[in-house]
Amino acid sequence: QSALTQPASVSGSPGQSITISCTGTSSDVGNYKLVSWFQQHPGKVPKLMIYEGSQRPSGVSNRFSGSKSGNTASLTISGLQAEDEADYYCCSYAGGLYVFGTGTKVTVL
Amino acid sequence: EVQLVQSGAEVKKPGESLKISCKGSGYSFTNYWIAWVRQMPGKGLEWMGIMYPGDSDTRYSPSFQGQVTISADKSLNTAYLQWSSLKASDTAMYYCVRLSSGTPDYWGQGTLVTVSS
Chain A
1 QSALTQPASV SGSPGQSITI SCTGTSSDVG NYKLVSWFQQ HPGKVPKLMI YEGSQRPSGV
61 SNRFSGSKSG NTASLTISGL QAEDEADYYC CSYAGGLYVF GTGTKVTVL
Chain B
1 EVQLVQSGAE VKKPGESLKI SCKGSGYSFT NYWIAWVRQM PGKGLEWMGI MYPGDSDTRY
61 SPSFQGQVTI SADKSLNTAY LQWSSLKASD TAMYYCVRLS SGTPDYWGQG TLVTVSS
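Those protein sequences? They're chains A and B, same order as listed. Following this note's numbering, the numbering of the first sequence begins with 1 at its first residue and continues without gaps. Following this note's numbering, the numbering of the second sequence begins with 1 at its first residue and continues without gaps.
Mixed in with the good hints, there may be bad ones.
Derived DSSO-like pairs: lysine-lysine, alpha-carbon spacing no greater than 30 Å straight-line [said to hold, decoys possible]:
(1) K105/A to K43/B
(2) K105/A to K74/B
(3) K12/B to K33/A
(4) K43/B to K68/A
(5) K47/A to K74/B
(6) K47/A to K33/A
(7) K12/B to K74/B
(8) K44/A to K12/B
(9) K87/B to K33/A
(10) K23/B to K33/A
(11) K13/B to K33/A
(12) K47/A to K19/B
(13) K23/B to K68/A
(14) K23/B to K43/B
(15) K44/A to K19/B
(16) K47/A to K12/B
(17) K105/A to K87/B
Bear in mind the hints are in silico, worked out from the structure with no lab data behind them.
Only chain A is shown next, with the shape it has when bound in the complex:
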């Protein structure tokens, strides 16, 4: 059960949009709708940003959106803000267990 593949880093200027990819296989991302995305600031607990691929929990900004195509899920942050600078992890159900992505550091230039 290998970790899902994410880019190590993504950067953007304030106001821009960025997209983080999360590539798995037909045994995880490609076969289940249970893909979540988490934001983690340094020293903090991960926070759920997207669940079931594209659903936003109450209280999460609508600047965050999720999608999936085949074995790849994506998280898009629009109108990038300084507070969005953090690590982001995807997570997928993999039939009985779960697997996280390798993590992406988002830098706001």
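Got chain A; can you put chain B on it based on the hints?
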């Protein structure tokens, strides 16, 4: 309000045993899967395993099978993660997480485990 409150930081020596806890409140503890997640210093999140307190069904990720034991005490609404013989490489932050309809929604505050001689 749903809360997962974990036990405090631990400093142990290699070879020692350890059991950390995660107490759930604000929801029906036996009806939701609980997961344990490891985060080594400066590294990413790793899924260790999950347990359903209602019937003690437990599943481990291959990397953690045989290395840790996940358990729960329904009467105390508490889940546990334990080691029989710690190694320096077990040094990490450990989080418990509730699963709701398959989504990891609520996280504990984390327990930092330091293993050093």
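Hint by hint, here is what the structure shows:
no., hint, in the structure
1, K105/A to K43/B, "11 Å, holds"
2, K105/A to K74/B, "38 Å, violated"
3, K12/B to K33/A, "40 Å, violated"
4, K43/B to K68/A, "25 Å, holds"
5, K47/A to K74/B, "26 Å, holds"
6, K47/A to K33/A, "19 Å, holds"
7, K12/B to K74/B, "27 Å, holds"
8, K44/A to K12/B, "23 Å, holds"
9, K87/B to K33/A, "37 Å, violated"
10, K23/B to K33/A, "29 Å, holds"
11, K13/B to K33/A, "42 Å, violated"
12, K47/A to K19/B, "25 Å, holds"
13, K23/B to K68/A, "34 Å, violated"
14, K23/B to K43/B, "26 Å, holds"
15, K44/A to K19/B, "23 Å, holds"
16, K47/A to K12/B, "29 Å, holds"
17, K105/A to K87/B, "29 Å, holds"
When held up to the earlier numbered hints, the structure conflicts with 2, 3, 9, 11, 13 and fits the remainder.
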